[in-house]
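Residues per chain, in single letters:
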Amino acid sequence: MAALWWAVIFSGFYHGINPGMGWPLAVSAALMERKTSALPKALGMLALGHFIAMIGILLPFSMMMFLVQYEIEIRVVAGVLVILMGLYLLINRRHPKFLARVHPARLALWSFLAAMAHGAGLMLVPIYLGICAIAENDTGHLAIEQLLSNNISTAFIVAATHTLAMTLAGGVIATVIYYWLGLKFLSKTWFNLDIVWALSLVLVGAFGIYAALNGH
Amino acid sequence: MNLRPDPTFHASAKLAMQAPVENYAFTVMLSPDGEQSDGIAVVDVNPKSKTYGEIVHQVIVDYKGDEFHHFGWNACSSALSPLTGHAFLERRYLIVPGIRSSRIYIIDVKDPLKAKVHKVIEPEEVFEKTGYSRPHTIHCGPEGIYVSTLGGGGEDGTDGPPGIFIMDCETFEIIGQYEMDRGAQDKHYDFWWNLPQDYMVSSEWGLPPQFENGVVAEDLLSNKYGHSIHFWDLRKRKNIQTMDLGENHQMALEIRPAHDPTKSYGFCGVVVDTTNLQGAIFTWWRDDDGKWQSKKTITIDPRPEKPENLPPLLQGFEAVPPLVTDIDLSLDDKYLYVACWGLGEMHQYDVSDPMNPVLAGKVEVGGIAKGTNHPNGKPFVYGPQMVEVSRDGKRVYWTNSLYSTWDDQFYPDDEGGQMVMANNDENGFHLDKDFYVDFPKGYRSHQIRLEGGDCSTDSFCYPNV
Chain F
2 MAALWWAVIF
12 SGFYHGINPG
22 MGWPLAVSAA
32 LMERKTSALP
42 KALGMLALGH
52 FIAMIGILLP
62 FSMMMFLVQY
72 EIEIRVVAGV
82 LVILMGLYLL
92 INRRHPKFLA
102 RVHPARLALW
112 SFLAAMAHGA
122 GLMLVPIYLG
132 ICAIAENDTG
142 HLAIEQLLSN
152 NISTAFIVAA
162 THTLAMTLAG
172 GVIATVIYYW
182 LGLKFLSKTW
192 FNLDIVWALS
202 LVLVGAFGIY
212 AALNGH
Chain G
107 MNLRPDPTFH
117 ASAKLAMQAP
127 VENYAFTVML
137 SPDGEQSDGI
147 AVVDVNPKSK
157 TYGEIVHQVI
167 VDYKGDEFHH
177 FGWNACSSAL
187 SPLTGHAFLE
197 RRYLIVPGIR
207 SSRIYIIDVK
217 DPLKAKVHKV
227 IEPEEVFEKT
237 GYSRPHTIHC
247 GPEGIYVSTL
257 GGGGEDGTDG
267 PPGIFIMDCE
277 TFEIIGQYEM
287 DRGAQDKHYD
297 FWWNLPQDYM
307 VSSEWGLPPQ
317 FENGVVAEDL
327 LSNKYGHSIH
337 FWDLRKRKNI
347 QTMDLGENHQ
357 MALEIRPAHD
367 PTKSYGFCGV
377 VVDTTNLQGA
387 IFTWWRDDDG
397 KWQSKKTITI
407 DPRPEKPENL
417 PPLLQGFEAV
427 PPLVTDIDLS
437 LDDKYLYVAC
447 WGLGEMHQYD
457 VSDPMNPVLA
467 GKVEVGGIAK
477 GTNHPNGKPF
487 VYGPQMVEVS
497 RDGKRVYWTN
507 SLYSTWDDQF
517 YPDDEGGQMV
527 MANNDENGFH
537 LDKDFYVDFP
547 KGYRSHQIRL
557 EGGDCSTDSF
567 CYPNV
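Chains as they are written, first to last, in this note's numbering: chain F, 2 to 217; chain G, 107 to 571.
Source of the hints: derived by calculation from the structure; they are not laboratory data. Everything numeric in this text was worked out from a predicted model, so none of it was measured. Just to be clear, a hint being listed does not mean it is correct.
As the list claims (entries may be wrong) - Straight-line C-alpha distance at most 27 Å; calculated DSSO-like pairs for lysine-lysine: (1) G:K369 / F:K36; (2) F:K42 / G:K222; (3) G:K468 / F:K98; (4) G:K397 / F:K36; (5) F:K98 / F:K36; (6) G:K154 / F:K42; (7) G:K216 / F:K185; (8) F:K98 / G:K500; (9) G:K120 / F:K42; (10) F:K98 / G:K216; (11) G:K154 / G:K484; (12) G:K216 / F:K189; (13) F:K185 / G:K222; (14) G:K500 / G:K547; (15) F:K185 / G:K484; (16) G:K440 / F:K185; (17) F:K98 / G:K235; (18) G:K154 / G:K235; (19) F:K98 / G:K154; (20) F:K185 / G:K342; (21) G:K235 / F:K36; (22) F:K36 / G:K120; (23) G:K344 / F:K189.
Claimed, not checked - Using C-beta positions, here's what the derived DEER-type ranges look like: (24) F:K185 / G:N108: 14 to 20 Å; (25) G:K484 / F:R102: 50 to 56 Å; (26) G:K344 / F:K185: 34 to 40 Å; (27) F:I196 / G:K344: 36 to 42 Å; (28) G:M461 / F:R102: 52 to 58 Å; (29) G:W391 / F:H104: 16 to 22 Å; (30) G:V322 / F:H104: 38 to 44 Å; (31) F:D139 / G:E279: 50 to 56 Å; (32) G:V127 / F:H104: 31 to 37 Å.
Built from N, CA and C at the ideal position, the CB exists for glycine as well.
With the sequences and hints as input, model every part of the structure.
What follows is the structure, given as C-alpha cells:
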C-alpha cells in the first residue's frame, strides 16, 4: 500500500520535472510580468490544469470499480489502455499542434491540454486502481454506495497528492532558474523526455496488468 | 530527433548576443534574366579562415527563373518555447521560395560546406493548398513555418488577396491559409510578431502586376501601392486593426518589432513619400488602451540631381529619392539600420528612445548618379539593400540588388552582385576594407542569413534580464 502511495508522489515529481508539463512557462510568465508574484501564480495555474486532467481521467475509473466482480478485468483493460497510449506516443513522434494555438497567458488550459495529450492522467490509473483494490480487501465487503464514495475520495486524494508533488518539483526548478541560475540554464536543463515518457507509460501499464493478475 | 535543444536556440535576445559568432553567411544568388539557375551562396565570414570573404560553396537548384528573394530558417529560438510543442527541432533547413515561380526549396545546411537541396515544393502544390502565389517572407512560429505571399490566385496573382500560409515545420507539408479574418488586408509583404504578447504585424508592397515587370510609375504617382500596416491577434488569426500610414507613404515594407518581448513597439520602413520623395521610418506601438498607434520618427531627404545624370524614370523629378528598401534592428533594440538604396547610403540610427531616433553613423557606397566605390577601390553596383546584423551587433552585412526588374529601371547601366560588411566598433560604423564578395558573373545578390541566427529571423519567448 505504502509503495503505491510513494508511486503517486514519485509520478508527481516525474511529471513536474518534465518541461513538457510546463515549468518553463512559469519562468517565462514571471519574467514577462516583471514581478516575482507571477511565478507562484503561474505555478498555481499549471497545477490547477494538471489536477483537472488527473481527476478527469481517474473519476470514470472510480465509477467503474464498483463492478467488484470485474475488478481484475477492469484493471487489465486499464493497463492495456495505458500501454497503448505509450505505444502510440512512441510511434507517433509528432507533437500536438493544437497546443500552439493556446494563448500563452492561459496557463491552466494549456496545462490541462498538455497533460491530456501526453496521457499524464493515464499514467496514474494503474497505481490508483491498485490502491482501490487493496483498500477494498482491507475493509472487507462494503455497501456499493460506501465503496463508490471511498473510491471517489481516493481519486481526489491521489490526484491532489500527485499534483502537489508535481508542482513542488516543477516549482523548485522554475524558482532556482528564475532567482539564481538564469535563462542560460534553461537550455542546459532541458531534455527531450519523449521516448522515456512513452516507455514509462508502457511500464506502468504492464505493472498494472501484472498486479491485477497476481492479486495485489 | 535531439535529446537536447539545438545549440543555436537562445532563450532571450541577450543570450543570443552572447552566443558564439557566425562562421558562415548564406546569401541569395539570383540570375536576373533566368539564364542560369538561382542558388544560395555559402560565404565564409570567419576572419581567421583562409577563405574569409569568399564563396566557399554554392547550392544551385535545377530549375531556372525562380527568382530567389527572401528566405528563412525552419526553426529559430522561438521553437524553444514549450508552447510550440516542438522544442527539439534543429535549426538546419533554409526555406527558399522563388518569388517569380512560386516554387519552394528546402535546403539542408547542417554541414554548410555540403549544403544541398532537401525537398522541392512545386508551385502547383502552393496554388492548390493555399490559393496564394509568390511566396516571400519566412518565419518559424507557434503553428509551424509561416510564409507570406505577394500574390493571390490566377495567372497574374490578382484572383483574391495574398496572405500567409503555414507549413509543417518537420515534414514541410503545406497545411493551408493562416487567416481566419483578414479584415481590410488586400496586399501583402512582410510580417513579424511578438509571441508572448500574441500579436502579429503585417505590411504591404503591391500586387504582382505592380512589381513583376518593374515599378509602375502611374500607380506610384497615384498612390496605388500599399500604405497600411495590419495588426493581428496571432493565435486567433484575426486582423484586429488596420492602420493607414497615409496614401502618400507608398510601399510600407519591412516590419521590425523590438526583440525583447516585454516591449510593445517596433518600426516600419516606407520606400517613398510621393509628396516630397522622402524615405521614412514609422514607429508603431500599443497605447495604454490596447490600441495601436504610429508616428513618423525618421525622414530622409532626396538629393537634387541634374536630369542628365538620372535614369529616365527619375529625370522628371530632378532628384534622387532615398528609397528606403530594407531596415534591420540590432538584437539589443539599440540600433536601427536603414538602407537608402537610391542615395547609396546605409544609415545607423540610435533608437534607444524609439520615439526619437538619432542618426549615429552613416556609410556611403554605390548610389544613383553617384556610384561611390568600396574602400578597397572596387565598384559597388546599385545601392545598399538587404541588410543583416550579426547577433552580437558588431558586424553589419549587406548586398545590393533590390529586385531584378527594378534594378534595371533605377540603375540601367549597372550589373553584378556584391556583398559587403561594416564594423560597428570603437571607431564607429564603417565599412570593412577586407570584406568584399563579388558574385559570379551573371548573378545578383539579395537576402543574407547568418549561421546560428541573425537579427531578422529569431523571435524570443523570454525577456532580457
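Status of each hint after checking the structure:
no.	hint	verdict
1	G:K369 / F:K36	holds, 15 Å
2	F:K42 / G:K222	violated, 48 Å
3	G:K468 / F:K98	violated, 45 Å
4	G:K397 / F:K36	holds, 24 Å
5	F:K98 / F:K36	violated, 30 Å
6	G:K154 / F:K42	violated, 50 Å
7	G:K216 / F:K185	holds, 24 Å
8	F:K98 / G:K500	violated, 37 Å
9	G:K120 / F:K42	holds, 26 Å
10	F:K98 / G:K216	holds, 25 Å
11	G:K154 / G:K484	holds, 23 Å
12	G:K216 / F:K189	holds, 21 Å
13	F:K185 / G:K222	violated, 32 Å
14	G:K500 / G:K547	violated, 30 Å
15	F:K185 / G:K484	violated, 43 Å
16	G:K440 / F:K185	holds, 22 Å
17	F:K98 / G:K235	holds, 19 Å
18	G:K154 / G:K235	violated, 47 Å
19	F:K98 / G:K154	violated, 43 Å
20	F:K185 / G:K342	violated, 31 Å
21	G:K235 / F:K36	violated, 45 Å
22	F:K36 / G:K120	holds, 19 Å
23	G:K344 / F:K189	violated, 36 Å
24	F:K185 / G:N108: 14 to 20 Å	holds, 18 Å
25	G:K484 / F:R102: 50 to 56 Å	holds, 51 Å
26	G:K344 / F:K185: 34 to 40 Å	holds, 36 Å
27	F:I196 / G:K344: 36 to 42 Å	holds, 38 Å
28	G:M461 / F:R102: 52 to 58 Å	violated, 34 Å
29	G:W391 / F:H104: 16 to 22 Å	holds, 21 Å
30	G:V322 / F:H104: 38 to 44 Å	holds, 42 Å
31	F:D139 / G:E279: 50 to 56 Å	holds, 55 Å
32	G:V127 / F:H104: 31 to 37 Å	holds, 35 Å
The structure is inconsistent with the numbered hints 2, 3, 5, 6, 8, 13, 14, 15, 18, 19, 20, 21, 23 and 28, although it conforms to all the rest.
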